[in-house]
Amino acid sequence: AQSVTQLGSHVSVSEGALVLLRCNYSSSVPPYLFWYVQYPNQGLQLLLKYTSAATLVKGINGFEAEFKKSETSFHLTKPSAHMSDAAEYFCAVFYSSASKIIFGSGTRLSIRP
Amino acid sequence: NAGVTQTPKFRILKIGQSMTLQCTQDMNHNYMYWYRQDPGMGLKLIYYSVGAGITDKGEVPNGYNVSRSTTEDFPLRLELAAPSQTSVYFCASSYSQAMNTEAFFGQGTRLTVV
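Line by line, the protein sequences give chains A and B.
Going by the numbering used here, the first residue of the first sequence is number 1, and it counts up by one from there.
Going by the numbering used here, the first residue of the second sequence is number 1, and it counts up by one from there.
Everything labelled a hint here was simulated from the structure, so no lab data went into it.
Keep in mind that a hint or two might mislead.
Each computed DSBU-like pair below joins lysine-lysine, with the alpha-carbon atoms no more than 30 Å apart [claimed, not checked]:
id: 1; chain 1: A; residue 1: Lys69; chain 2: A; residue 2: Lys58
id: 2; chain 1: A; residue 1: Lys58; chain 2: B; residue 2: Lys14
id: 3; chain 1: B; residue 1: Lys14; chain 2: A; residue 2: Lys68
id: 4; chain 1: A; residue 1: Lys69; chain 2: B; residue 2: Lys44
id: 5; chain 1: B; residue 1: Lys14; chain 2: B; residue 2: Lys44
Using the sequences and the hints given, assemble the complete structure.
Dropping the structure here:
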């Protein structure tokens, strides 16, 4: 079955600390993977995407994600959290066999001063 | 460049009423999607379309209908509104080519059914 799992519905880190948001997917073929960010009362904005060109993908606002095929994971990281990073983050997968994008349940990131 | 435009932004419906959520995109994308977002549940796919004249059910299609008569427009219809349809609805579009499949989202429609 096609699925995307985000571990942890809420993550809280201190300002300046490492951010790690986890995403695992199910797929028998290399998928196209995305991370989106949603600020309060707004739509979703693309942070970064993996399309098989490179396993380490850099995105906007200092975020990056690494594709690990053996672990079927695409975790999102940022070395140093900033207050403005507080938002909801969604991992998503495009399944070409089904021509649709499936989203994870989201992780709310809070930043402590 | 307007991107993906959804109307209305907010709406309150009474149980049993009907309404259409409008979505239009000006990027000539083949693929269009409707999602609903409930707190703590992420985004659930309602319906999607891979091109004009072609639509298909997603994860939660019951109570909704769609049509895709043009490339630009993908309206979502609620025929008999129910409280369970209270949610935030997002329309999105994307190219179909493999390297450019990321979805572009509208700003959402917040619907309350009372």
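Hints, verified against the model:
1. A/Lys69 <-> A/Lys58: Distance of about 18 Å is within 30 Å: holds.
2. A/Lys58 <-> B/Lys14: 46 Å, violated
3. B/Lys14 <-> A/Lys68: 48 Å, violated
4. A/Lys69 <-> B/Lys44: 25 Å, holds
5. B/Lys14 <-> B/Lys44: 23 Å, holds
The structure fails to meet hints 2 and 3 from the earlier list, while all remaining hints are met.
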